[in-house]
Structures are given as structure tokens and as C-alpha cells.
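Can you make the complete structure from the sequences, with help from the hints?
Chains as they are written, first to last, in the numbering used here: chain U, 1 to 213; chain F, 1001 to 1436; chain P, 2001 to 2853.
Think of the hints as simulated: they come from the structure by calculation, not from any bench. A portion of the hints provided could be inaccurate.
Stated by the list, open to error - Here are the simulated PhoX-like cross-link-like pairs (lysine-lysine), alpha carbons at most 25 Å apart as the crow flies: (1) F:Lys1074 <-> P:Lys2406; (2) F:Lys1263 <-> U:Lys201; (3) F:Lys1009 <-> F:Lys1263; (4) F:Lys1194 <-> P:Lys2406; (5) P:Lys2142 <-> P:Lys2220; (6) U:Lys201 <-> F:Lys1053; (7) P:Lys2794 <-> P:Lys2775; (8) F:Lys1194 <-> P:Lys2088; (9) U:Lys129 <-> F:Lys1009; (10) P:Lys2405 <-> F:Lys1194; (11) F:Lys1194 <-> P:Lys2091; (12) P:Lys2775 <-> P:Lys2220; (13) F:Lys1364 <-> P:Lys2142; (14) U:Lys197 <-> F:Lys1069; (15) F:Lys1364 <-> P:Lys2091; (16) F:Lys1364 <-> P:Lys2137; (17) F:Lys1069 <-> U:Lys195; (18) P:Lys2840 <-> F:Lys1194; (19) F:Lys1194 <-> P:Lys2818; (20) P:Lys2148 <-> P:Lys2801; (21) F:Lys1053 <-> U:Lys197; (22) F:Lys1187 <-> U:Lys201; (23) P:Lys2840 <-> P:Lys2561; (24) F:Lys1053 <-> U:Lys208; (25) F:Lys1009 <-> U:Lys201; (26) F:Lys1074 <-> U:Lys195; (27) U:Lys195 <-> F:Lys1037; (28) U:Lys197 <-> F:Lys1037; (29) P:Lys2405 <-> F:Lys1074; (30) P:Lys2406 <-> F:Lys1187; (31) P:Lys2405 <-> F:Lys1187; (32) U:Lys197 <-> F:Lys1074.
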Amino acid sequence: MGAFSPDMRVRAEGLIALYPERRSALIPLCHLAQQEAGYLTRPFMEEIAELTGTTPAEVYGTASFYDMLHTEPVGKYLVGVCTNIACLLQGGGDLLEHAERALGVPAGGTTEDDMFTLEEVECVAHCDKAPAVQVNYRFFGPLTGESFDDLTAKLRAGEYDGVVPPHGTLIRVQRENGIEVPLDEVLAERREMDKAKAARKAAADAAKAKEGN
Amino acid sequence: MTQTDPVPKIVTSRVGLEESWGIKTYLATGGYTALRKALTSMTPEQVADEVSKSNLLGRGGAGFEVGRKWSMLKPAPVRYLVINGDESEPATFKDHMLIENDPHQIVEGTLISAYAVGAARAFIFVRGEFALGLERLQAAVNEAYAHGAIGRNIFGSGFSVDLVVHPGAGAYICGEETALLESLEGKRGFPRIKPPYFPAVMGLYGEPTIVNNVESMSNIPWIVNNGGASFAALGVGRSTGTRIFALAGHVNRPGNYEVEMAKLSFRELVERPEYGGGMRLGRQVKAFIPGGVSAPWFGPDQLDMALSQDDVAKAGSMLGSGSIVMMDDHTCMVRAAWRITKFFWRESCGQCTPCREGSGWIEKMMQRIELGSGREADLDLLLDACDNIAPGLTWPPQQTTICVLGPSIPSSVASAIRMFRDEFLVHIKEGGCPYE
Amino acid sequence: MSNPETPAVVHITVDGVEVEAMPGEPIIEAAGRAGTFIPRFCYHPRMRAVGMCRMCLVEVSGPRGFSLQPSCYLPVTEGMQVITKSEKVKKAQVGVLEFLLVNHPLDCPVCDKGGECPLQDQTLAYGPGESRFVEEKRHWEKPIEISKLVLLDRERCIQCDRCVRFAREVAGDPFIDFAGRGDNSEVSTFPDGEFTSYFSGNTVQICPVGALTARPYRFKARPWDLEEAESTCTACSFGCRMAVQFSRGEVTRFLGIDSDVVNNSWLCDLGRFAYESLDSEKRLVEPKVRYRSEMAEVSWHDAMSRVGAHIRTFTADHGAGSIAFLGGAGFTNEGIHSFVKLAKTTIGTSLFDADLDGGVPASVVFATPRATLAEALAAKVLVVASADVREELPVLFLRLNDAVKKGLRIVEVSEVETSISALAAERLPLSAARLALALQSGGPDAERLGAAIAAAGEQGDGAVFLVGKSNIADPADVYAALAASASRRWPGAKFLFGNSRANIFGAMDLGAVPGWLPGRVATAPSDDAREIIARAADEPMLLFLLGADPLSEMPDTALVKSALENATVVLIDSFESGAAPYADVLLPLAAYGETAGTTTNFEGRVTRLGRAIVPKGQSKPDYLIAAEIGRELGRPSGPTAPEEIFAEMARELPLYRGLAYAELASNRYPDGLVVPLERKAISIGARPRRLDPIATPGLVAPYHQGPAKPFATEVGAAAAEPGAETPASPRSQLPEVSIDPAAVSVAADGRLRLLLTRRLYRPTAQLAAAPILSKLTAQAEIRVAPATLEAIGKSDGSEVKLRGDHGEEVAVVAKSDKSLPDGVVLGRLGDGANLLLLVKSGTWATHVKVGSN
Ligand SMILES: Cc1cc2nc3c(=O)[nH]c(=O)nc-3n(C[C@H](O)[C@H](O)[C@H](O)COP(=O)(O)O)c2cc1C
Ligand code: SF4
Ligand code: FES
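Spelled out as C-alpha cells, the structure:
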């Protein structure tokens, strides 16, 4: 039995089909696995290796390069407080300290109820709303200590269900189309395009030469 | 310096419209007319020609002419187009805004470009953290397929191409175009060693590939509709058209502002009410970063410089990613530079010794100084360690590394020490940060 | 070069001196040849350059003046100017070293690499005088085991990517990778996974710091105590060149030598760690003879008396034809030569067979033109019809993997998937017998092979074939017929043979096989090992087992057992093998590293073996044991030192004419010579050994590494040697071998054909004596198509029973394998079940029934 559920396995194969080479789907498949399990479990990494023609060591090595891919469990909500320059200038550092106190865990830690994992993150490109916070990659800001507490309370109470999906679910809009034009068909078309282009160039050059005469 | 009146909004015209990201709004505001025009009434050369005439400079950071890049594409049966939407340069948030608010414009620009360069397939690589952007862009792609704008025989023109939205997974270095390609191939995001210097020679899967930025793409439909010459008529010299500047830090109105290139000065952008609206609490400018945290800093005396790629380069920095960070006189420069170094340390891919180890070392020294255990000798040591990453500490930097992330590390540290040595000494002498 | 657009050489200047360079080569190589060493860490001459460590930065001229560039990566171009010693370069070097030491522990005194560490050495030569780093270093948990053989100390790792590149690109075993990012990266296996590769030891050899260490070597020696002897590995017939390092009378490790023509510096783990068994308790170190039912330790003198008495008695009672010599493929050429003389001249028996399992016979080997490895790799197409190369000739697999990337096309002929299948451009799923029959009769399968060869742009005559025994259950005739018919069909094609016992080709050359006299001279056919064993089961015989164990090496275990029980057995071996309980006399044989001499690899390459230490206990080298027996029989004493025996071989046998023992390890011929020497000029040794101390740290410059020479110089050739006439190579006729159609018969009533293969870590007495390596001993198993298991209601990995045609039964673990065709059982030999039991001597195909109990 694979780690992916049958539905997800179909989606996984659909993702692979989007790329000229299977391995390109490695990261999208990791996202998909996180959507199912919340993080990258070993069976998922093994199945992704099989799907992409790599080894589990390569999947692990690749996934661990990326901040969004977790090979150990994280809380339901991954709370990232940005402290990079724009947020720092607007109090991001203080906000992180507040978050640590409020959640009772240092950055990198997970609350005992597995509800929140707190992270200090790099710029999340919401600098006009600094200091910015992302919860499962959904943005909030600018936040104060008070509005941060309010946010976490609401998350706990389930008031953001539907708006902020549990950790792992990144993109809720699925691709509706596969690849419409197979690569070799496209290449035949390109060869025709290139031929036409060369002919136009030759014609233009000839015309120029005539003009020159 | 004054802007052309009225300044056309080339890339941000739909921002703020209702459902600006949906195809209904897009079609109602002239969407996909440029694609139809290009595909049905222009040859690929004519499209490329207009882009060359526009002199559109890439908006990803390096500022390379888009048309020239396309012309360097090595002839080969398979070639790819990859759009860089990884935007992670700190304090840069313009691509994010474009992806969330006008995804169709990016799709249309990408398709036109794919036609011009004859790409076999196009990929838009979007920073993984942009969950909303990814959803809206994917929805836009779905709509565009349904509209017949992507896929087989687009608009009956005989031209076919597929477009794939690819999510990243959180690594700044994947914005560097060769690391991006590695990542797109499902690997660790290690920048590729040069030569070959350009993906246009050897890119995705070893095939010639064009990599362009999301904002660069957003300009393409306008250029096709209005002609390269009208684009080039805006701006000054090589800096043509308009450009989004992401203004952040201690200003009253941080935000993205599309302005005509090289017509305004930094000061005008910061102070004019429709833009930055002045410094927060009326304070003074202490220093600012003119083009992303990779860029060397400027002081208040450079505020009157024009927002021109060449002028800024001449002064020893860069417009880079179009992000401007203003710091007022209540800012601790040591802390600011430390935080930026920490960013590079966390984001170094780890291939090159100077970048991998140098970033960590410098970060540790900066932390020590900020927290009060600095020594005076540390300042020269810091500068020498910086010099060992980017010999001479010049801009553009000399490189001892594979990509330019390495030599970007010294920018802020060296700027801070050069401009605010006294402030460092206060930290060292007082054993802590005077701004605490 | 033929392409007029690529010049043969480009000219660059290095520090102002003009240097000739090969187009496309990196600056670091061109400069190195010209005598300018540029420091480096990540660069390895046998792997793709990655330019990561930045230690090799030099100033290079460009359109915008000089800039710092990685010399390991940047290719030379005409007119390029390179500066390696400027202030700017020095500052960059100091900078990189200082950065490297930022997170590197300064535990050199307790580090295995201390004393031979490129980081230590280059820091001394190019580094900062003192450390300016006062911060805390990064910490990792102390050494972790990434495999049974290799340990990783992540704190010492400098992220040079050598091990990861090796695993991925050279070995094709990407079971380690970098994990994490930036200075938080570590080399890692899959969590709880292992770096399972036959080649893992190479990562230890190329690690430029003490991050990767080999468990068998850890803390065994300090490098400055090490001495070294250049040698050749005898774990298989590929013949990797290697250095035997030793200290105070003990072998401490083996290192691969960077030989262009053989192993490119790589070794397999079986070869690399074989030294583990040398000082094992399980070594045979005293002569023993049987008194009543007990073996007793005796003196050599007493043992010889017993051996002499046996020979005289058997000769008197049953004739010299009752005395047979089996084995010897693990001996030195000098030992084999001595034993062949003893057998064929002194004793007067023709019964000698070094090839116990009936690989491709000498009659075919000698009658087909042999390719060198270099020729095979440079061919357009290589047809591989052999046992799994990675299991039998491991480093050949690495060379093929590399050659395929450089354009070699492989056509594989194999019923089952092997390690080669992934490299092959095409696989024809045929058994050897089927292909042989097709080639003889010209059926469609033969056309398919022809088409596959043609697809590589080759009409066939330029093709190279690697033919070896892919199924141990088959008789040798199948492979003889296959090679012979291929050679007839493509007369210009060249051949290599997959017989994998260490010196089997030397044994053939020296007449240690039936039908041949020393020097590839044909004689009347005589019984082969299989026939000798069959006879021994019935009649009184005296069997000399020369480092061979018929029980584990020959099929038909029941027959072998009765032969050993029936016969009088003299066992000459370094370890007590499975045959030991049947022996009447045990003579302790000096082990590898304890004896000098030469060996011959599968190309016919004769190389020197290095003697590092004295033989353990009372054991003696092979040639001395032969001499002792000769003396016991009253033969006048001949030469007793390897160089003298070799001189005799060169004098008496045209095959070796032109060879001199001393020359074989010289600067001119560091990798030996392929016999017979060709009359035309040869270019072996034309490229001197690479002088890259960082490539294999710890390799004490092998004696023969001379000063660097320009690459263009061709080293002189055998043509210059006086008397180098063509040896009496019997290019007579290819043997006519007919194949019984039974070889391709399909069994009725649900019986399946048995295909038997060996794996690298096959259980042997020597492997059992190696404490760490023995943990890797292969377990016997069979593989069958999933349907076969389903049919008997068994699941993957459960035990099944195999029943042979003659009532033999073996219980063995069965795995389900989707890639297998129906109708066959793939049996893989190993511990736990004896599959050889199922094979009957003299049958063309072995069939078994798979049952649940
Ligand atoms: C460290 C580093 C990070 C980069 N990040 C980005 C980025 O996030 N987005 C981007 O478009 N370009 C980024 N670039 C620039 C790209 O390498 C490339 O120049 C650009 O995508 C080309 O597009 P353009 O010509 O349209 O500007 C980065 C470069 C470096 C060296
Ligand atoms: S400079 Fe830094 S980020 Fe760039 S390739 Fe080197 S280590 Fe990676
Ligand atoms: S970068 Fe050239 S040897 Fe490492």
C-alpha cells in the first residue's frame, strides 16, 4: 500500500505529467504529501522517490533544503513571524518575543497541544503591512501583541476554519487541465515556425541585397 | 524632474478593481487583446522587435534588457520559458502584489513571450509561501485554458503552448535563475556554476531557456498593444517605461508605487503625498537601501538622486529588485545590518565556502557587537572577512563565489561600518545597544 | 584531432610561463602538468568539477581584465593568462582556509586523517598563520554510522560534495545526499536508511578531511607510520591497481591507485576491506595432517613427507592419472607456473583445472581476438552477455557507467535485469543458450542482436563483446558456443570474458586448464574439474585443492561431497574452507600482501603484486609450496624467488617474451602490460600517474610516480624490446561446440528453469574471517514472478521449497520480482540455503518445482 490515498495518487500522477521529466514534480509532490499528512512522513518520501525515479535519500536531501517542507511533525498552525528588515523596523523583533511568551515556546517550537508551531521567518513580501505574520502561509498584518493574541485565540476557537486550512494544504485551486499539446507535437510545430522564420529572414535579406544593388 | 503627465499605469492598472484577478475583469479591461494581436497579426520576430525597441530592463534585479536576452537564445529545437515569481528579496513585495492582483496579465505576457521565443513549454515558478497568489494564478491559468488562450492552437492562430504554475518551497536562493532551474528540476536549489553564463545557452534540462521576472512579463501586453516606441518614450535614457518601487520602512505610507523610470528622485518618492507621504513621525532619514538588501546603502545626501538604473549604479549601488527601505534616525544601524546578515546566513545555499562560512561568521560577530561583547578589532576583522567574500568591496562586486548571493553579504555590513563606525564604537564601549 | 575546428593544443601562460594544454581541460590540470600545483579540495580528477570549495581560485585574464576564477572548473582557452601566486590569489586562499576552519573542529590529534589531511596540509602551506575566529563552532552529534563500513563525523565535513558526487555519479548509488541548507548542511542517508553501496569505501578514500572514516581502519594506525607497497587487487579478475599500506608487520589498509587503464582509483568494498581477514583467528597458519580421525598440527617437514608418500603411493597404485589439481585461480602467476610444472612434468599428470565452475573455456578465450579495457570502453558498442557485472567484476561496472556517459552504447543480452540494464541502450531478454543457438542457426534473435549493434552505428566488426557465465547452472559449452559463434559471425569483433576468479586468465595462460600447456599451447584434451570430481566419486584419487573449495564453487553438491569423501585431499589454502573437513593434509598458504609475484587480469594484463608483510605463522607462498613438494619428490631445485620464476617464464614461454619483472612496476609500465606484447608501438603508460595528492589523501606517492611529463609524449614500446616476436598464439580454430536443444527447453508440468547467480559478498572462508565485512554476507534467496508466488499462496519474502528433478530439496526465501519473466526462477547464492544442490552435473538445463512445503 502506498502512502498516498488513491485520489491523491491520481493527482500525483497528474502533476508528474505536467513536466518533461518526472523529477520536476518532486516539490509539488512533497506539498501534496504534506496536504495529506501535515508533514513529510517517511513512507511519503519513499513513495515520492518511487514516483520521481529518485532514491528516498535524494527526496530527503532535496526536501530538507526547503523551509516549507517538514520532515518532522509540526503543529496544526505554522505561525511565522517576520523579523526581516522592513518588519524589524516596525517592531517585528518585539512581536516575535511577544509571540514566544504568549505561546510559551521559543521560535522553532511547537505548543504542547500541537496547535501552533512558531517560526521566525524571513521576509514574506508583505512589508507594507509590517510587522507581518503568516499562518499556514496566509497573511496577517500589521499586528501588535494584542492583535496577535486575538488572532491565535480565534484560530484556536476555529473561527478561521475554511480561511486558514490546517498545515500542509497550500493550494486549494487545482489545475483543471493536463498538458494539451504533447511535447513532440509542439516540437513539430516549432520546427515549422523556425522554418518559416528562416524563410522570412532569407526573403528580407534578399530584398535588402536587391535594394543595395 | 517631473513625470510625464498623466503617467500611464502599465502594470498596476487593475490593482484595486473588483475581482481584479478574475478573467471577467481582465477581459473587460482589454485583457488578452495583446495576445490575440501578437499571435494573429505579428510574427515572432516582430514581437521580439517591439520588446527590443521598448528597451524594457528586466525587473528581477539584474536589470538586463529583456529583448537582448531573448536574442541570445541558442538555436535548438527545444527551448523553454521560465518566469521567475520567487520574489524573496527582503522588503520587495511588488511581484507578490502583481501575482495576487493581476495574474492574467502575467499569463498573457508569458504567452506572448513564449510565442516570441518559440518556447516549447512555459513555467511560472511562484514562491511557495504565496498561497493566495498561487491559488489566484492557478485559477487564472484554468480560466485562460477555458478561454482558449493557452493550449492547442491558441485563438486559432496555429500556435500552441502549455503553461504550468510551479510552486516553490521556501528558499530565497531559488530566485537566482540557475538555482530556480535546479529547483524546477526537482533538486536542491544550488545555483549552477558559470560558464555557461546564461540559461539562454543551457537552461532547464540542459536546453536553452529564457528566465524572466514576473513584473518584466507584466509589461509585455502593454508593449505589444502600444508599441515598443511608446514604452521607450517614457523614462530617461536606458531606464525606460514605468517601474514599481516597493517602498518600506519608516515612511508614512509604505507600499508599491508604479512611477515613470528615472523621472522622480528618491526624495520625491518618499515625500510626495501620493507616494510615501514623508518619514514616519516627521523624523529624519538616517540611511536607506535603494534596491533590496543585497544593495549597498545610501545616506540622506543621496536622496535627490533619480530613480534611474544607471545613476544608482554610478553611485555604487543598484536599483536591484526595486525595493527601497527607509531608516530614520532612531534606527540602530548595527541591528539593521546584523538582521540582514542573518538573512543571508540563513539563506546561503551552502555550496561556496566563503558564502556558507563567511555569512555565519559575520553574523556571529555582528550579533556579539549588538549584544555588547564587541571588540574594536572586530570592525577591521569584519571588513576583512567581507573583503574575503567580495574582494575590494566594490559594487558591482568582485566575486569569489558561484552566484552573487555571496558578495551581497558584505553590502550592508560594510555600508554600516563605513557610514556609522561611531555607532559601532558606542556599542563596543557601552557594552550594548544604545537604542534599547 | 580530426576536427579541424578544435586545435590539438591550446597555449596558455601560467605565471608568465607558456604551457600547452588540451582543449577543454580545466586550468588546474594544465597548470599541474606544468609543475604548478594549485590547492584544491572539491576538485577530483575523476569526477565532474563543481567549483564549490573555492580553494583553487586564481586570476584569469578576461575581456574585462583579470578576475578570480575557479581553476578546477574553468576550461583553458587559447591565449588565456593565469596568475596563481599574486597577492590577490594568496589572500583568497587564506580567506577560504580561514572560512573552512570556522566550523571545523581542531581535533587533529585524535583524527584518523591527522597527518595525511589535505585541510591540515594546505592550511600549513597556504593558510592564515592564526585563527581570528573566537565564536562558537557548529556542533553535530559525534560520528554516526552511515553503513556497516563507513562512519561520518559531520563536524569535520567541509561540504566538498566529493562523497555525494561519487555516490550519485560514479557509483550510481545515490543513497547519500546533502540535507539541510547553508552551514547547516550535512551529508545524510535517508533517516534510518543506510548507504548501501558496493563502493562505499571510495568515499572514505576521497574525503579530504576526517569526516568519513572506514570502520575497519579507524584508529588502527597513524599515517606517518605507514609504509606502502603497490599491488593489484585479487578479489576478482578485473585487477584494480592498489596500494597496500602497512605498519609494523600488519596490513592497515588498501587504497585504490589512479590507474588510467584499469580502475581510475576506485575499488569495491570487498577488495578494499579484504585485509580485515588477514590477521583473523580463522587463518590457517600451521600445516596439519590427519591422524586417525583428528587433524594434528605438524611441521612442514612432516606434512611434506605425508604429501610425498601420497603422491608416490597413488602413482604406484593407480598411475599418475589418479592425481589431480583443482583450483589455483587465486594464486600468483609464479605459483601457478610452479604447480603446473610440478603436476605436468614432475608428477606427470595432465589433470589440472583452475576453473572450477566452467566459465568460458580457454579454447575460446585464446581463439578470439581479445580487447583491452580501453578498447572496450572506446568502442561504439559493447555487447554484454555476462553475469551481473556489478556482482562479479564490480569496478568494471563503474568504468562502464562512466563510459556510457561518454558515448559508449551497451547492448545487453540477459534474461533478467542486471545492474547493466539501466545503462544499456537496449536489452535483449534472451538466455545465453538461446542466443548461442540463434547465432549458430541464424534465427530472428540473431537478427535482433545485429540490428541492436547496427543501431549504434556499427556494422559489428568494431563491436566488443563481454561474454561470461550468466547462469552457474549452465554447462560451459553454452558460453563457448556463444562466444565462438559471435566471433564467426563478426570476425573483426573483439572479446572480453567475464570469468571472474582473480587470476583465472593467468592460469589459462600458464596451462592450468585442461587441454593447454603453458604459454597458450594446445595439447590433447583431458578431464575438466567436473569430470575429475565425477571420477573421484568412483575411483581412488589424490586431489590437490589449490585455494579452492569445490563445495561452494561447483554445482551438484551431492556429487562433490561424495568425491571429497572418497578421495584423498590435500588442501592448500589460507583459510579453512568448507573442504577442510575432508582434507588429509592442510598446507597453510601465505595470504594476499604476504607474497610478491605477478597476476594477470581479464584483459591479459600482467601486473606486480606487492609484498608488504611476512607470511603469518608457518604459511608459505604458493611457489614455495610447489618447490617444497618438488623437493620432496626429488626434483632438482629450480628458481624459488618470484622474479627468478618470472624470468624463467619470460625465457621459456613466447607469450611473455619481452617482459621483465622489474619493468612491470616501473615508471614506464606502472600498470603492467597486456600479454602477448604487440609488435607495434604501444602507448600504455603514456600518461603518467596523476600527481594529485588531494585526490587520494594518504596515498604515499606510489613509488613509480615519476615527475610529471607532458601528455603528448608517447612512452616507447615493446617493439623496441629485442626478441619480441609474436608469441605462439593459437589463433587456430574456434572450437565447434554444439548445443543440445534441451538447453532451451521449456519444462512441462509447472516446473521452472533455474537461473543461478552469485553476488559480491558470496560466503567464502575469507569473508567469514573478516569481522566487519562478514556482516554483509549475502543470504541465499530466489526471485520469481509475482504470479508464481500467488499460485502457491505464498507472500513476498516467505520461505518456499524448491524440488529438483532428482529429488533434491532446498528451502529458501522467495521474493517476488515484477521484472522477471514467467518460467524462470532466479536463484541468488548465499548463506542459509544451498542452491547448488539442485544442479546436476552434465545437464543442459536445470528445472525446479516451487512448492509451499
Ligand atoms: C540571490 C539572488 C536572488 C534573486 N532573486 C530573484 C527573485 O526573487 N525574483 C526575480 O525575478 N529575480 C531574482 N534574481 C534575479 C534572477 O537571477 C534573474 O536575473 C531574473 O529572474 C531575470 O529576470 P529579468 O531579466 O526579467 O529581470 C535573483 C538573483 C540572485 C543572485
Ligand atoms: S554564493 Fe552562496 S548562495 Fe551563491 S552558490 Fe555560493 S554558497 Fe550558494
Ligand atoms: S572550487 Fe576548485 S577545487 Fe574546489
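Legend entry - Unsatisfied constraints (hint numbers, rising): 2, 7, 18, 19, 20, 22 and 25
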